[in-house]
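S.K.: Listed below, chain by chain, are the residues.
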Amino acid sequence: MDLQETLLSSYLAFDAQDGPQRTLQDERAAAIEVFEQQGFPTKKEEDWKYTSLRNLTKTNFSVFPKEDASLKLEDVKPYILQDVDTYKIVFVDGVYNAYLSETTHEGADICLLSAALTKKKYAAVVKKYFNTIAEKEESLTALNTAFTKEGAYIYVPEGKVVEKPVQIIHFSTAKNPKLLVQPRNLIVLEKNAEIQIVERHQSLSENATFTNVVTEVFTAQNAQLDYYKIQNDHTEASLIDSTYISQQKHSHAKVHTFSFGGKLTRNNLNFYHKDAEINSTMKGITLIEGTQFVDHHTLVHHAQPNSESHQDYKGIFAEKATGVFNGKIIVEKEAQKTNAFQQNNNILMDDKASINTKPQLEIFADDVKCSHGCTIGQLDEDALFYLQSRGIPKKEARGLLTYAFANNVLQSVQIDSVKKRINKLIANKLGVNIGFDV
Amino acid sequence: MLSIDNLHAGCEGKTILQGINLDVKPGEVHAIMGPNGSGKSTLSTVIAGHEDYEVSQGSILFDGEDIAELSADERAHKGIFLSFQYPVEIPGITVTNFIKTAINQNRKAKGLEDMPANEMLKKIREKAALLEIDSRFLSRSLNEGFSGGEKKRNEIFQMAMLEPKLAILDETDSGLDIDALRIVANGVNKLKGSNNAIVVITHYQRLLDYIVPDFVHVLHEGKIVKSGTKELALALEEKGYDWIKQGA
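So the sequence lines, in the order shown, correspond to chains H and F. Start counting at 1 in the first sequence, then tack on 6, and there's your number in our numbering. Start counting at 1 in the second sequence, then tack on 51, and there's your number in our numbering.
I should point out that these hints are in silico values taken from the structure, not numbers from a laboratory. Hints may contain errors.
To be verified - BS3-like mimics (lysine-lysine), calculated; alpha carbons at most 27 Å apart, straight line: (1) H/K426 to F/K174; (2) H/K430 to F/K159; (3) F/K159 to H/K435; (4) H/K435 to F/K161; (5) H/K400 to F/K159; (6) F/K296 to H/K401; (7) F/K161 to H/K400; (8) H/K197 to H/K166; (9) H/K430 to F/K161; (10) H/K401 to F/K216; (11) H/K400 to F/K274; (12) H/K401 to F/K129; (13) F/K174 to H/K400; (14) H/K400 to F/K129; (15) F/K159 to H/K401; (16) H/K400 to F/K65; (17) F/K173 to H/K426; (18) F/K159 to H/K426; (19) H/K343 to H/K197.
Unchecked claim - Which residues of chain H face chain F? A partial, calculated answer using Cβ under 10 Å: (20) A324; (21) L393; (22) Y409.
Even glycine gets a Cβ: it sits at the ideal position worked out from N, Cα and C.
Pulled out of the complex, with its shape left as it was, chain H reads as follows (with noise of 0.2 Å):
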């Protein structure tokens, strides 16, 4: 049985199972649907032709953790900011995790998806927002709508600002091993809310593990919206994140990902303008090696005048790695003054690391600024000589270099401990100590 028949069949037993999915029945009806008629996306597809999913959707994952499984805090740490006081919603196997948990109503809603889906008082906000923004047609997105169950739900009121940031945090462990799991956050934020949040989704084993998750933001008027994502998982995780943010007039919303594990990495970051004066960014950095591959594919849908949008990525390939980046920027007919940013550049370190970059611009306004750029290339030998000229060896050189490629990207991070924990994963990654700190 391949893997789309075999969640075919689990959809049967989920659905008549008790529990907080039974109140969008509806909806995931119409999802599963979608996902058994399309399948998992192929390279025929045009948004796919350099990602396979070939090998996963061999792999017979479960979407059922068969043992519940518990973790200490020490097994954990390191995956958790420590150093900075943060609001925590943790799962384990997929699992709500109270232990390492931290959630509050006090001000905003920072807690469960499975809480707002079954008590009465989230109901009109799960129903004004929950799969709206969500592309319904995309198979790996409904499959997500047929299995949700659980997830982050974050709902900040008007004027509030969070002052923790929040880190959601997703731990696969050794006792559910080719587990597929499928978390689902719903994160509003309304007129002049602010938040700040940081995803990982973390393996705790070498053993395969799958995680397909979405997550739909919607930023009223003038909100704030500051999204860290790290990915640095086992070299037997993949991962496919979603994520689409609707944003209104006077919004700000930031998405920086850090790509540097993982075996497949594809993120689908979609934004969506409502309004005019919208502003969006988004920035990566993405530092793999081996067979690893990581994909970004972005989205920024500008629809009414004056809004503008950043995007800024650095790769840097390693070995056999390999990396895909799309950056498709529609600009509809009355968004004009438009003022679209698209930045790719990437070094690949060997002969065999390689990666398929790709702007994809469609413009329909006249009056709009639009600029892309996108470069591949090598260190830079003369720089070597110089650095290695003032006694720094080659390693440290190379690593040197490439965090200084990286930078800017991390300029741009506003939490500390973040900036902090990437600057540490960068320097470990290249094996060096670059010998200051950020």
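Since chain H is already given, all that's left is putting chain F on it; use the hints.
M.R.: Structure of chain F alone, referenced to chain H:
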């Protein structure tokens, strides 16, 4: 300190240096002059240890040790410093962080711990003052958007921080106005001592008004064709290189 014997070297199969002999002792200042294309920059690059250059004949001894097989960083650890004619721009790393890394990597090579932060800061301030560099400059990206003069000042600042035994200044005067030249030369002179040596590579005599050489060598077609004292530089300034070329 530096003893070069019958050095033949080049890159991409082309031999540029055709038998250089040079002996530099502690406390000495040597000037190497010569027309464009005579091999001046190749000589400095070969001494500093650029991988693309190969020594086909002869030897380079530093403190009695053959350094021909050492990498550029290993030579730096032994105390060789090259001030680049065209310093490389490196966006994304500040002057301060760069020099911190360089200092600590040199210390590591000598088995020392990282320099304590306060000591580092003090040293940076002191050396920056010597070269009339202000603190805003130090937090800029390395050489990025620097003027010619700023780049050269930054080179000598690095030299001041690293305190090399042998400093090779490759065309340090090019691109400098007279004020910058004075600051740079003044910095170099303050760093000069009885235990270290300086090799000044230059096209023109004017830098040598400020950094006075003990010996002047004229390089032509990859060979030192004439050596003398500082008066030789003056003669070159007056007569140009043609009479040397004819003599060779």
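S.K.: Each hint: holds or not?
M.R.: Evaluated hints:
Pair hint H/K426 plus F/K174 holds up; C-alpha atoms about 26 Å apart against a cutoff of 27 Å. Taking the CA atoms of H/K430 and F/K159, the gap is near 20 Å; set against the 27 Å cutoff, the hint holds. Restraint check for F/K159 and H/K435: the C-alpha separation of about 21 Å stays at or below 27 Å, so the hint holds. About 25 Å separates the Cα atoms of H/K435 and F/K161, which keeps this hinted pair within 27 Å; it holds.
As the CA atoms of H/K400 and F/K159 are separated by approximately 14 Å, the hinted pair is consistent with the 27 Å bound. Among the hinted pairs, F/K296 with H/K401 is inconsistent with the structure: their alpha-carbon atoms are about 44 Å apart, more than 27 Å. For a cut-off of 27 Å, the pair hint linking F/K161 to H/K400 stands: about 17 Å separates their Cα positions. For the hint linking H/K197 to H/K166, the alpha-carbon distance of about 9 Å falls within 27 Å, and the restraint holds.
Distance hint between H/K430 and F/K161 is fulfilled; the C-alpha atoms sit about 25 Å from each other, no more than 27 Å. At roughly 25 Å between alpha-carbon atoms, H/K401 and F/K216 fall within 27 Å of each other, so this suggested pair holds. Taken as a hint, the H/K400 and F/K274 pair is broken in the structure, with Cα atoms around 31 Å apart against an allowance of 27 Å. Taking the CA atoms of H/K401 and F/K129, the gap is near 19 Å; set against the 27 Å cutoff, the hint holds.
Restraint check: the Cα-Cα separation between F/K174 and H/K400 comes to about 26 Å, which is no more than 27 Å; the hinted pair holds. Using a Cα cut-off of 27 Å, the hinted pair H/K400 and F/K129 holds, with the two alpha carbons roughly 16 Å apart. A distance of roughly 14 Å separates the Cα atoms of F/K159 and H/K401; the hinted pair therefore holds under the 27 Å criterion. Of the supplied pair hints, the one linking H/K400 and F/K65 holds, its CA atoms being roughly 26 Å apart against a limit of 27 Å.
Taking the CA atoms of F/K173 and H/K426, the gap is about 25 Å. The hint holds against a cut of 27 Å. A threshold of 27 Å between alpha carbons decides the hint, and for F/K159 with H/K426 the separation of about 23 Å falls inside it, so the pair holds. For the hint linking H/K343 to H/K197, the alpha-carbon distance of about 24 Å falls within 27 Å, and the restraint holds. The beta carbon of H/A324 is not positioned within 10 Å of any beta carbon in chain F (closest approach about 19 Å), and the interface hint is therefore violated.
With a least beta-carbon distance of about 8 Å to chain F, the hint placing H/L393 at the interface is held under the 10 Å criterion. This hint holds: H/Y409 has a C-beta 7 Å from the nearest C-beta of chain F, less than the 10 Å allowed.
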